[in-house]
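Undergrad: Each protein sequence line maps, in turn, to chains A and B. All residue numbers in the first sequence are consecutive under the numbering used here, ending with 141. All residue numbers in the second sequence are consecutive under the numbering used here, ending with 1094.
Incorrect hints may have been included.
With the C-beta cut set under 8 Å, the calculated list includes, among others, these residues of chain A facing chain B [claimed, not checked]:
(1) Ala21
(2) Phe22
(3) Gly35
(4) Leu50
(5) Met51
(6) Tyr52
DSS-like, lysine-lysine: derived pairs with alpha carbons at most 30 Å apart [what the hints assert, rightly or not]:
(7) B:Lys1091 / A:Lys58
(8) A:Lys61 / B:Lys1026
(9) B:Lys1091 / A:Lys62
Hints were generated in silico from the structure; no laboratory data involved. Treat the numbers as computed from the prediction; the structure is a model and nothing was measured. C-beta: ideal position from N, C-alpha, C; glycine also.
Below, each chain spelled out in residue letters.
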Amino acid sequence: MKSNDVMLHTLTRVVTFIILAFSVYLFFAGHNNPGGGFIGGLMTASALLLMYLGFDMKSMKKALPFNYTSMIAVGLLIAIATGVSSMLFGYPFLTQFFEYYQIPILGETELTTALPFDLGVYLVVVAIALTIILTIAEDDA
Amino acid sequence: MFDILLLICLCLIAVSILACIYRIIKGTSMPDRVIALDTIGINLIAAIAIFSVLLHTRAFFEVILLIGILSFVGTIAFARFIERGVVIERKRDQ
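Excised from the complex, chain A in its bound form (with noise of 0.2 Å):
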């Protein structure tokens, strides 16, 4: 049976991209605001869910050839640098450090190293919530 799903597939390609930015925006909001890696990356995740919904397995593999597994990999290696970076200037694991920035478009912002920590939350709860989903997705029903 062919399936017509013009009305899901334009809402998808829509939706996704307005759920991408609200999780980018939780992700960088949560060092002054509610957010954060966890929930950002729960975001993402359920983003790239309403792709895998809207269309099948087979095109998003082309659409986003990722391995997720080994992405629970990189943010774990991303947590742990910066959490050891902080001793290789004689201070104890995980402290972290602050600084006022010129940036040409934002003008001064505070970059501390608690951001790349959060990255590395964010890219392993992405990857380990998409993990879960596919791999009870891809079992022959």
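With chain A held as given, fit chain B onto it using these hints.
TA: Showing chain B alone in chain A's frame:
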């Protein structure tokens, strides 16, 4: 005075959620239950908006968008399951 008005609105939303729960329990067909769940999500959005006015805080605004997104994704997943039997297809159109 304004707070009493907001509390009355919350009670009305609670009544509407109860009506949706009745439809979920009684529901004559599966799509009825899915639509009732979706409506509960929308009512929850309204309730959280009223709560954040009541508590004078902006901390819950992300939650509003979050529930909207999650209820949308959930409803689409249920609709796929009812229509096709699978939630994520392996390959479209055979």
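Undergrad: It remains to establish, for every hint, whether it holds in the given structure.
TA: Now the hints, each set against the structure:
A distance limit of 8 Å between C-beta atoms decides the matter here; for Ala21 of chain A the minimum to chain B is near 11 Å, and the interface restraint is violated. Given hint, Phe22 of chain A at the interface with chain B, holds; its Cβ is 6 Å from that chain's nearest Cβ, closer than 8 Å. A hinted interface residue such as Gly35 of chain A counts as satisfied when its beta carbon comes closer than 8 Å to some beta carbon of chain B; here the least separation is about 6 Å, so the hint holds. With a least beta-carbon distance of about 5 Å to chain B, the hint placing Leu50 of chain A at the interface is held under the 8 Å criterion.
With its C-beta approaching chain B no nearer than about 10 Å, Met51 of chain A sits outside the 8 Å limit, and its interface hint is violated. Interface restraint check for Tyr52 of chain A: the shortest CB-CB distance to chain B comes to about 5 Å, inside 8 Å, so the restraint holds. With a CA separation close to 6 Å, the supplied pair Lys1091 of chain B and Lys58 of chain A stays within the 30 Å bound. Between Lys61 of chain A and Lys1026 of chain B the alpha-carbon distance is near 41 Å, which puts this suggested pair outside the 30 Å criterion.
Distance hint between Lys1091 of chain B and Lys62 of chain A is fulfilled; the C-alpha atoms sit about 12 Å from each other, no more than 30 Å.
Hints 1, 5, 8 from the list above are not met by this structure, while the remaining hints are.
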